[in-house]
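Engineer: These are the residues of each chain, in order.
There are 2 protein chains.
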Amino acid sequence: MPNPTAAMLVIGDEILSGRTRDSNMHHLANELTRVGIDLREVRVVSDTAADIIDAIRALSVRHDHVFTSGGIGPTHDDITADCVAQAFNVGIDVRDDARALLAAHYAKTGAELNAARLRMARIPDGATLIDNPVSVAPGFKIGNVHVMAGVPSVFTAMVASVLPTLTGGAPLLSQTWRINRGEGDIAGPLAQIATDYPDLSIGSYPFQKDGIYGANIVMRGTDTARLDAAMAVLQGLFPA
Amino acid sequence: MPNPTAAMLVIGDEILSGRTRDSNMHHLANELTRVGIDLREVRVVSDTAADIIDAIRALSVRHDHVFTSGGIGPTHDDITADCVAQAFNVGIDVRDDARALLAAHYAKTGAELNAARLRMARIPDGATLIDNPVSVAPGFKIGNVHVMAGVPSVFTAMVASVLPTLTGGAPLLSQTWRINRGEGDIAGPLAQIATDYPDLSIGSYPFQKDGIYGANIVMRGTDTARLDAAMAVLQGLFPA
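Protein sequences appear in the order of chains A and B. When the count follows this note's numbering, it moves up by one through the first sequence with no breaks and lands on 240 for the last residue. When the count follows this note's numbering, it moves up by one through the second sequence with no breaks and lands on 240 for the last residue.
Since the list can't tell identical chains apart, any single copy or any two copies may satisfy a pair.
Keeping only pairs whose Cα atoms sit at most 30 Å apart, straight-line, the calculated DSS-like set for lysine-lysine is:
(1) LYS141 - LYS209
(2) LYS209 - LYS108
(3) LYS108 - LYS141
Since the hints were made in silico from the structure, they are not lab data. In this text, all values refer to a predicted model and were calculated from it rather than measured experimentally.
Using the sequences provided together with the hints, build the complete structure.
Structural biologist: Structure (structure tokens):
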């Protein structure tokens with residue numbers, strides 16, 4: 001059975017303007033690979049309602065799981081929850097269980113649960129909450145879309161809350177062989193191996209370091225014996 | 001006149017598997033902001049022909065400029081050039097000027113211009129070449145799509161070759177004010193400023209450091225006087 005597929009949607013002007021360098025994509029990619037869910041596509045869009053809604057709809061139809069990051073805080077530019085509700089054609093309002101989480105938190109810290117903070121308790125109808133052990137304001141899941149915060153420490157914690165609830169496939173195994181030759185010398189034999197082992201995904205990632213051209217050849221698959229066999233062919237052709 | 005818009009397409013399994021952390025997106029975002037071109041959308045897709053072709057078509061219709069990174073080397077998984085040709089419904093073959101660049105380069109280095117390396121001279125019909133001062137194999141431009149390498153040093157050099165040929169808009173100016181208060185305390189007044197200054201883009205980027213919650217408020221626009229005025233209101237409400 002093929003692995004489940006996933007897409008990620010990164011929401012935020014700050015990434016597209018270059019002000020902030022996204023790190024959530026790399027984290028999620030690694031976590032999904034670890035549990036056998038294939039991340040097939042990532043989109044980054046600005047804080048624009050139409051773009052967010054279009055992307056949610058397109059990705060949720062095409063993939064088993066969608067993960068979003070960003071836009072669920074208390075400020076005017078945090079519009080993700082409302083956009084997700086629109087994408088699923090459901091209502092959205094402050095929900096009692098989410099409000100209770102925030103009320104308990106701010107009672108402890110002494111901050112006021114004002115109108116802005118209450119926006120973080122707006123949850124689309126029918127969604128289930130995602131735990132936020134870092135700063136309490138919850139994420140949520142609706143349909144196959146997991147809506148999470150953009151702050152990396154919170155995103156990471158929410159991913160850790162979510163992943164155990166998902167059924168992954170066979171974990172993708174990977175082996176790497178470093179070859180200190182130009183990719184052009186490797187490409188011919190490598191194409192033959194790729195043809196002979198169609199069940200493996202074989203990538204060539206060139207590097208240039210201290211004047212040396214080379215490539216890391218990465219083979220990925222779910223069957224150890226097949227990986228070992230293909231790697232033995234490669235190593236025979238390009239010994240260390 | 002509004003600024004030109006752009007999209008980026010990052011091509012490569014290695015980003016989606018988490019093996020490699022992409023840095024080209026952040027570089028391009030900064031460069032485009034500097035010259036007044038609005039990066040509106042980024043997509044990351046795997047080395048799969050249908051996904052690459054679909055993305056090229058969707059993005060080139062919606063934006064003034066598209067920039068791609070990855071998949072133009074000599075190995076079997078480098079399929080970007082062929083996909084771009086398909087997306088534009090044109091032919092593709094080894095082209096004399098591109099072949100001459102490679103031949104001169106490999107004559108110097110002593111490496112063989114074999115079939116694999118010749119693949120890097122495959123250029124879609126009607127494209128113009130993009131200079132590669134790092135490793136010679138050229139990128140190309142067809143329609144509004146700039147096709148560039150994924151290796152960061154080469155990508156950066158190609159961006160530097162391309163940007164002076166594009167007409168940007170008014171450079172986006174930006175001012176930042178750091179407030180050591182929770183976003184929930186800032187959100188109400190900030191929403192009022194955003195309403196009063198609809199010509200500015202105002203973002204709130206929360207942080208949590210050493211137990212302190214705060215936010216950097218970033219205002220962006222093309223008119224210095226308007227930026228100064230809005231910033232003065234914010235600083236009056238939240239003094240240093």
